[in-house]
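**Student:** Modelling step: build the complete structure from the supplied sequences, incorporating the hints.
Protein chains: 2
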Amino acid sequence: MSELRWDPLKKNWVILANNRGRRPQDFIIDREKVVMSACPFCYGREEKTTHEVFAIRTDGSRPNTPGWRVRVIPNKYPVLGIEGDLDKRGAGLYDVMNGIGAHEVIVENPDHERNMADLSPLEIADVLKAYQARLLDLRRDSRFRYILIFKNHGLEAGATIPHSHSQLIAVPVTPQAVSTKLSACREYFERKERCLICDLLNQELANGSGVVRDDGDYVVYTPYASSQAFEMRIVPRRHSHDFALLSEQEIAALARALKDSLMRLRSVLRDPPFNFVLHTAPPMHLRLGKPHYWNSLPYDFHWHIELVPRLTRIAGFEWGTGFHMNPTRPEDAARFLRETDLSVSF
Amino acid sequence: MSELRWDPLKKNWVILANNRGRRPQDFIIDREKVVMSACPFCYGREEKTTHEVFAIRTDGSRPNTPGWRVRVIPNKYPVLGIEGDLDKRGAGLYDVMNGIGAHEVIVENPDHERNMADLSPLEIADVLKAYQARLLDLRRDSRFRYILIFKNHGLEAGATIPHSHSQLIAVPVTPQAVSTKLSACREYFERKERCLICDLLNQELANGSGVVRDDGDYVVYTPYASSQAFEMRIVPRRHSHDFALLSEQEIAALARALKDSLMRLRSVLRDPPFNFVLHTAPPMHLRLGKPHYWNSLPYDFHWHIELVPRLTRIAGFEWGTGFHMNPTRPEDAARFLRETDLSVSF
Numbered sequence: 003m004s005e006l007r008w009d010p011l012k013k014n015w016v017i018l019a020n021n022r023g024r025r026p027q028d029f030i031i032d033r034e035k036v037v038m039s040a041c042p043f044c045y046g047r048e049e050k051t052t053h054e055v056f057a058i059r060t061d062g063s064r065p066n067t068p069g070w071r072v073r074v075i076p077n078k079y080p081v082l083g084i085e086g087d088l089d090k091r092g093a094g095l096y097d098v099m100n101g102i103g104a105h106e107v108i109v110e111n112p113d114h115e116r117n118m119a120d121l122s123p124l125e126i127a128d129v130l131k132a133y134q135a136r137l138l139d140l141r142r143d144s145r146f147r148y149i150l151i152f153k154n155h156g157l158e159a160g161a162t163i164p165h166s167h168s169q170l171i172a173v174p175v176t177p178q179a180v181s182t183k184l185s186a187c188r189e190y191f192e193r194k195e196r197c198l199i200c201d202l203l204n205q206e207l208a209n210g211s212g213v214v215r216d217d218g219d220y221v222v223y224t225p226y227a228s229s230q231a232f233e234m235r236i237v238p239r240r241h242s243h244d245f246a247l248l249s250e251q252e253i254a255a256l257a258r259a260l261k262d263s264l265m266r267l268r269s270v271l272r273d274p275p276f277n278f279v280l281h282t283a284p285p286m287h288l289r290l291g292k293p294h295y296w297n298s299l300p301y302d303f304h305w306h307i308e309l310v311p312r313l314t315r316i317a318g319f320e321w322g323t324g325f326h327m328n329p330t331r332p333e334d335a336a337r338f339l340r341e342t343d344l345s346v347s348f
Numbered sequence: 003m004s005e006l007r008w009d010p011l012k013k014n015w016v017i018l019a020n021n022r023g024r025r026p027q028d029f030i031i032d033r034e035k036v037v038m039s040a041c042p043f044c045y046g047r048e049e050k051t052t053h054e055v056f057a058i059r060t061d062g063s064r065p066n067t068p069g070w071r072v073r074v075i076p077n078k079y080p081v082l083g084i085e086g087d088l089d090k091r092g093a094g095l096y097d098v099m100n101g102i103g104a105h106e107v108i109v110e111n112p113d114h115e116r117n118m119a120d121l122s123p124l125e126i127a128d129v130l131k132a133y134q135a136r137l138l139d140l141r142r143d144s145r146f147r148y149i150l151i152f153k154n155h156g157l158e159a160g161a162t163i164p165h166s167h168s169q170l171i172a173v174p175v176t177p178q179a180v181s182t183k184l185s186a187c188r189e190y191f192e193r194k195e196r197c198l199i200c201d202l203l204n205q206e207l208a209n210g211s212g213v214v215r216d217d218g219d220y221v222v223y224t225p226y227a228s229s230q231a232f233e234m235r236i237v238p239r240r241h242s243h244d245f246a247l248l249s250e251q252e253i254a255a256l257a258r259a260l261k262d263s264l265m266r267l268r269s270v271l272r273d274p275p276f277n278f279v280l281h282t283a284p285p286m287h288l289r290l291g292k293p294h295y296w297n298s299l300p301y302d303f304h305w306h307i308e309l310v311p312r313l314t315r316i317a318g319f320e321w322g323t324g325f326h327m328n329p330t331r332p333e334d335a336a337r338f339l340r341e342t343d344l345s346v347s348f
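Those protein sequences? They're chains W and X, same order as listed.
Heads up: the first sequence at position 155 corresponds to 157 in my numbering, and the numbers run straight through without jumps.
Heads up: the second sequence at position 124 corresponds to 126 in my numbering, and the numbers run straight through without jumps.
Derived by calculation from the structure, the hints in this document are not laboratory data.
There may be inaccurate statements among the hints.
[As the list claims (entries may be wrong)] Derived lysine to any residue pairs resembling SDA-like cross-links, with alpha carbons at most 20 Å apart:
| no. | chain 1 | residue 1 | chain 2 | residue 2 |
| --- | --- | --- | --- | --- |
| 1 | W | K35 | X | R315 |
| 2 | X | K13 | W | G94 |
| 3 | W | K13 | W | L184 |
| 4 | W | K12 | X | A93 |
| 5 | X | K13 | W | R147 |
[Unchecked claim] Stretch by stretch, here's where chain W covers chain X in the computed footprint (C-beta under 8 Å, at least three residues):
| no. | stretch |
| --- | --- |
| 6 | 5 to 15 |
| 7 | 95 to 101 |
| 8 | 146 to 156 |
| 9 | 169 to 177 |
| 10 | 233 to 244 |
| 11 | 307 to 321 |
[Claimed, not checked] Distance windows between CB atoms, simulated:
| no. | chain 1 | residue 1 | chain 2 | residue 2 | range |
| --- | --- | --- | --- | --- | --- |
| 12 | X | D219 | W | R145 | 42 to 50 Å |
| 13 | X | I31 | W | E85 | 27 to 35 Å |
| 14 | X | D201 | W | D87 | 52 to 60 Å |
| 15 | X | D89 | W | D343 | 37 to 45 Å |
All C-beta atoms in this analysis are idealised placements derived from N, C-alpha and C, irrespective of residue type, glycine included.
**Tutor:** Given below as structure tokens:
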């Protein structure tokens, strides 16, 4: 029998549809690969991109030349543009504002062939430090309500350029998915003086069946009400609202957890398309008429990463209801992810 | 410059991304077609399906034999099962219930090769009458909070069987997408004593640039804050909360409007994958301890159909924010849809 499960963090029901393909092999298909003759993200082709806004270079090399390990550039085809003032107005019953924001690309390593799962923990730590640097910089811009960092891997997950990269989009309104999580956490904290995400983590740890990996610093688990098959959440055990404030040591541990999770996903589902999204507290600009940041507010949020393979399609039912249909029980997914042999390559 | 637009009905922002492919030809690609050797929905193969729960037959033929024009059968692989009592319980911070519901398939015509856009208005009217009959029947089941009728066309829109069919899923909780619309309408009505969907329709009619078709009974328009390219809404001019209560004449007019919209979509985008979803008032079971229906409540909802081609992918940004990125301005989409030549086949 199928089951409906309620996610108190996303405030939504999920349908676990038992009748659908659900073991890893049911999801493994030949996937279209993008082949690029001249990749603009490749080492030595820096002049093909927009001017870099950040890079990690250890050899004293100059911007927009070789010598980088991680490189951040404005997206050449930005969804939202950085120039201009916000212009907000009504349009009858609708509202409209111009598309002010930032859209950047984090090129994760110079080598076209190496995906994030192939990078060493040290190399992944550099990527995470680039995320931190960009978050801290863009937070100073009071036009932005949220800064989303995410990664698309594989064509079905929206990656049109195969060279491994993440993206950052700063938006002038708080996105619905973010405000739902924030309000869930705030309401919970106001009632209980505890963090919802801490409590969810503790419940998953006590239950145990969804835990994929626990190294004492970070827990990786498949949430009980996962909306997608093989969805994973990477959560720090230490309550912390702000990813940008992590120490070097915490970043190093996260890099290990992230690499391990990516390798497990790749191993179990044979390099599936996936997205990951960093959820961290937004900058707040609403107090005393000048920019304030979330770290001056009660610490009721808890940053985390959502890692979601793209295995199923959105159809009319999902569109019309907002439900997701997950064909794999999260506890089954966790078992496959836990037990996979990471020493076998394919 | 891109633009953000707020949809007061779905309570969400949409990003109109001007930098992306946006003319119809940018979306036209070769699509995978499903070829079936033995289609279970075909005329003469009635014994291959589950037992029909409804059919339109005019020749006195018996159930589960040939002679039908429209046929409704339980889905052989239901997402939710019809048998049993609801079992709802907490699971720590989560909630869980067993997957009680109904999942039916409406086979729209006997011929494997004819899609809904190929059917005559009379034939489409029969399909719509089947929707009405199933809604009225399943509403009597007090376990169901909502009954969604929708159609998937094309593999990318979730249709794994190409023989033209719609689906019905009855669910034991009110889906988020439905409750958002219901509450938007209720709040608006409480404040203004007017219907939000009537007022949105009037604004679109006054503006005019999004109107695709208006025959006096039904208006087809591309909503100002469309979240998908070439999204259309089919709205009755006469305020009515309940699709199931439409008269024969109203059904006939809707069949003409629906056929015309499907033909326009097919013509402009060369048979794109699409979904449509019927939004109508849910059964209400909460009063006086016995089933009551929405038509005993203030008429603050207004039924309509959403028709959405599946042209873009969900990637990390959409997943992490809940925003949709629409690469085509709705007013441009409306122009293409209005001006397309329906006499040309392809």
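**Student:** Against the structure, test the hints numbered earlier, and report the numbers of the ones violated in rising order.
**Tutor:** 10 and 14
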